[in-house]
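Undergrad: Sequence:
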Amino acid sequence: MLDSHDTHNAPIPSGEAAARIQFVSAAVLVVFLLAWVASFYPFNDWLDVAGRPLGADFSMFYVAGQVVWDGASEQLYNQAEHQQRLQQLFPGIAKDFALPYRYPPVVALLAAPLAALPYPVAYFCFTALSIFAWRTAVLQIIHACPTLATNWLRTFRLVIYAWPVALETLVGGQASMLALLIAISGFAMIAQQRFATAGIVLALASYKPNVLAILILALIVRSPRILWGLVPTTALVALLCLIPNGIQGISDYRELASQLASGTWDLDTPQWKVHGLANWFAAFDASGRLWCTAAGAALAVCLAWRMRRVAVGNRLDGIFWSTLISINALFNSYTPIYDLVMLSAGTALTLEYALSKTKSTFSSIAAQDEQVTFPGRIPACSRNVDQFSARDVLWAQLALAAAFFGPHASQAIAKGTGWQVFNLILLAATVWQAQFVIRGTSRASQCFHER
1 MLDSHDTHNA PIPSGEAAAR IQFVSAAVLV VFLLAWVASF YPFNDWLDVA GRPLGADFSM
61 FYVAGQVVWD GASEQLYNQA EHQQRLQQLF PGIAKDFALP YRYPPVVALL AAPLAALPYP
121 VAYFCFTALS IFAWRTAVLQ IIHACPTLAT NWLRTFRLVI YAWPVALETL VGGQASMLAL
181 LIAISGFAMI AQQRFATAGI VLALASYKPN VLAILILALI VRSPRILWGL VPTTALVALL
241 CLIPNGIQGI SDYRELASQL ASGTWDLDTP QWKVHGLANW FAAFDASGRL WCTAAGAALA
301 VCLAWRMRRV AVGNRLDGIF WSTLISINAL FNSYTPIYDL VMLSAGTALT LEYALSKTKS
361 TFSSIAAQDE QVTFPGRIPA CSRNVDQFSA RDVLWAQLAL AAAFFGPHAS QAIAKGTGWQ
421 VFNLILLAAT VWQAQFVIRG TSRASQCFHE R
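The sequence shown begins at 1 in the working numbering and counts up one residue at a time.
Worth flagging that the hints you see were computed from the coordinates, not collected in a lab.
Do not take every clue at face value.
Said to hold, decoys possible - SDA-like cross-link-like pairs, simulated, lysine to any residue; straight-line CA separation at most 20 Å:
(1) Lys208 <-> Leu290
(2) Lys415 <-> Trp280
(3) Lys208 <-> Ser251
(4) Lys95 <-> Trp46
(5) Lys415 <-> Gln84
(6) Lys95 <-> Gln84
Stated by the list, open to error - The following label-pair restraints were derived from C-beta to C-beta distances:
(7) Leu240 <-> Ala72: 14 to 20 Å
(8) Val30 <-> Leu242: 24 to 30 Å
(9) Pro91 <-> Trp36: 37 to 43 Å
(10) Trp228 <-> Phe132: 25 to 31 Å
Just so you know, these numbers come straight off a predicted model, no measurement behind them.
C-beta atoms are modelled at their ideal positions from N, C-alpha and C, and glycine is treated no differently.
Could you put together the complete structure from these sequences and hints?
TA: Pasting the structure below:
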């Protein structure tokens, strides 16, 4: 996929390789969209061939908004009520299609205006907002990856826009594009040292509290000043949660969240849908999900504490963020395929870090880092840094391919065997990312002590 010849000290794809990548990406995009449209034939009831409604998961948001719009907020977490409303919307819906509402009350409040519209119109409005969030996130990812953008822009864009996980998230009516936008926007704000603004942006992830929980915890350790924006914005979201059904609504959601966090493992969520390591903790029964999240939080906090050795704005920030995104996906209590959309940012930041520093010396790295951490000081270190080998570049290519095809291929395998493969791929990628952070922070610490 990539030919190693120097342009700005970075390997870039040859024209032939780039054309091949673009062809595969474009083919995936076209086939996916045609198959999605064809699945609704004969186009007379907004249901696909499996009896699932247009937008699938969006139907959950629509019904929740409908409950609030109709003034029946006390039924917001009543699954029977939701199922009855779904049947009224789609009389021919598959009998086994059920998506109970599991979000905070504020999400239903925000969905209420959409529920005042006919379902197809509401879905396309929601999709337009998701496309806007996706487009904005992609622009920020490109801006954060100048090496890829300079040498590989057209291919870079096409790979992101044709990624099957992103396409499924979009047509499936999920809200994970918002999580992607929040994650990459938070990265951009912290890189610019706009900590309070970053906190405000990251607090918006409370629309689904577990979606970025591990990442945000690590960022608090790394940059505590984000709390100036995080705390008041989270408090504001909590106040908005009172509007649909007051304290009772919050109490109902807290009870539901507690059940989801500590409930026993059952078949309500098929194993093939879980893309993280949560299933590995099933032996702990009711506390398995909590142990999984705690393990991920501990790893993320350890890396964040090491990152305190270097200043914000350091070149390690990109690989640190991408490692946190991977840890967040691996150790989340429930990682469905659509929440993997954030790996697009993580994969890009990882490739950017690896490829942009293929040929550099430790003295130049030390000089760059110390201009941020200790302005005006002369670097004390002058040893050569190990260059990234051809094997590193190969692993970068494999990481791109694994992120592009891995989730759906693994899900297909898991349906037949019960075993997820992608979590092993993601675990290996996380270890690969983390070693960059550990090596980089160790050098920074060594330079500090040698001064």
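Undergrad: Regarding the pair Lys95 and Gln84, is the alpha-carbon distance no greater than 20 Å?
TA: holds, 11 Å
Undergrad: Going straight from one Cα to the other, do Lys415 and Trp280 come out at no more than 20 Å?
TA: holds, 17 Å
Undergrad: Taking 37 to 43 Å as the stated bounds, is the beta-carbon spacing between Pro91 and Trp36 within them?
TA: violated, 23 Å
Undergrad: For the pair we were handed, Lys208 and Leu290, check the Cα-Cα distance against 20 Å.
TA: At roughly 17 Å apart (the allowed maximum being 20 Å), Leu290 and Lys208 satisfy the hint.
Undergrad: Lys208 and Ser251 were given as a pair; does the straight-line alpha-carbon distance stay at or below 20 Å?
TA: With a Cα-Cα distance of about 16 Å, the restraint between Lys208 and Ser251 holds, given a limit of 20 Å.
Undergrad: Falls inside 14 to 20 Å, the C-beta gap from Leu240 to Ala72?
TA: Because 19 Å falls inside the window, the suggested range holds.
Undergrad: Against the 20 Å threshold, does the CA-CA distance of Lys415 and Gln84 hold or violate the hint?
TA: Not satisfied, since the Cα-Cα distance of roughly 29 Å exceeds 20 Å.
Undergrad: Does 25 to 31 Å hold as the CB distance between Trp228 and Phe132, or does it fail?
TA: holds, 28 Å
Undergrad: Is the hinted pair Lys95 and Trp46 satisfied, with a Cα-Cα distance of at most 20 Å?
TA: Within the cut-off at roughly 16 Å; holds.
Undergrad: How does the Cβ-Cβ distance of Val30 and Leu242 compare with 24 to 30 Å: does it lie in that range?
TA: Given about 47 Å between the Cβ atoms, the range is violated.
Of the hints listed earlier, those the structure fails to meet are numbers 5, 8 and 9, in rising order.
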